[in-house]
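Q: Residue numbers (the working numbering), protein chains in the order written: chain A, 1 to 94; chain B, 1 to 191.
By construction, these hints were calculated from the structure, which means they are not laboratory data. As the structure is a computational prediction, the values presented were derived from the model and not from experiment. You may find that some hints are simply not true.
[As the list claims (entries may be wrong)] In silico SDA-like cross-links for lysine to any residue, where the CA-CA straight-line distance does not exceed 20 Å:
| no. | chain 1 | residue 1 | chain 2 | residue 2 |
| --- | --- | --- | --- | --- |
| 1 | B | K180 | B | I41 |
| 2 | B | K56 | A | P65 |
| 3 | B | K118 | A | I62 |
[What the hints assert, rightly or not] Only some residues are given here: those of chain A computed to face chain B with a beta carbon under 8 Å:
| no. | residue |
| --- | --- |
| 4 | I68 |
| 5 | V70 |
| 6 | E74 |
| 7 | L77 |
| 8 | C78 |
| 9 | L82 |
[Claimed, not checked] Not the full set, but computed from the structure, chain A residues with beta-carbon under 8 Å of chain B:
| no. | residue |
| --- | --- |
| 10 | L63 |
| 11 | S64 |
| 12 | L67 |
| 13 | A71 |
| 14 | I75 |
| 15 | Y81 |
Positions of the beta carbon are idealized from the N, C-alpha and C atoms, including for glycine.
Below, each chain spelled out in residue letters.
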Amino acid sequence: MTLTKAERVTGGVTAGILIAAVIYAYVSIGWPPVLIIGGSGVVTWWLWYRTYLRRPTDPELILSPFLITVAGFEIHLCEEYLGHYAPAISRLFD
Amino acid sequence: MDSKKIDFITVTVFVGLLYLTFRLLRFPAGLFCTAFVGGFILWLATTFRVPLDPHKIIFPYVLTVILFMIHVYEEFRTHIEFVMTRLTGLQVTQRDFLTVAAFIAPVIWLTGALMVLKQWPFGFFLMSVFFFGMMFGEPSHFVFPFLLDGRFHYVSGMCTAVLPTAAGWWCFFVILREAKTVTKGGEMARS
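Turn these sequences into a full structure, and let the hints guide you.
A: Take a look at the structure:
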């Protein structure tokens, strides 16, 4: 799959933001977020390598379910915020 | 009754009900409904009249939602709730602000994006409300200091307000360009 310069730059910037967010999480919280995000990231990288990279999915097919998932995640985050998830996860990891 | 009339009546009833709800909740209904009325006018002037290919607008739309969320993060870090409390006279807490701006609003705008992808008229209306808010609502951050103290100074959200504002105007010009292309294509087909 050949990428255009714009696609390479966008991908690089997005990856950079993600890495910066994980570093910020490590500095401000510690290892748990690095393991949770980094662990999922490694598994996802393998899945992406085995599936999408070999046979890219048509964006028309995947965009709607992706946006529904993001909206669903936002609703879930709202419940976590209102239900005081932060203190609960702090107790879990001590 | 044709589908355009039904769409028009549905959205008019929706905006009316929203206004009544805000009045019943004793919120400043006029202020809260400005974006919806503005978006309604924008929708009537653009995508209601000329159908738009969702694939032409979805990228700028989702990008504007992302920039809006970055802007909300600045507002959260710099405590916009104090500014809102002083401006509206209502007691706005950080919990209220985050629930509405950081959680509920993105869900509504993403739902709008999904409806646009399905070419549902209500989705185009929600998209217009969002664009109207970004184009005309976000620049108000630069007016806030004058309303508060009568002089220019930093107010929460001022640094990143330009991001969703610029993106909102970009989306508006994309819609205009596409509408022009569709209209021209229709005229050529007729002649």
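Q: Give a verdict on every hint.
A: So, going through the hints one by one against the coordinates:
no. : hint           : result
1   : K180/B x I41/B : holds (18 Å)
2   : K56/B x P65/A  : holds (19 Å)
3   : K118/B x I62/A : holds (13 Å)
4   : I68            : holds (6 Å)
5   : V70            : holds (6 Å)
6   : E74            : holds (5 Å)
7   : L77            : holds (6 Å)
8   : C78            : holds (4 Å)
9   : L82            : holds (7 Å)
10  : L63            : holds (6 Å)
11  : S64            : holds (6 Å)
12  : L67            : holds (5 Å)
13  : A71            : holds (4 Å)
14  : I75            : holds (6 Å)
15  : Y81            : holds (6 Å)
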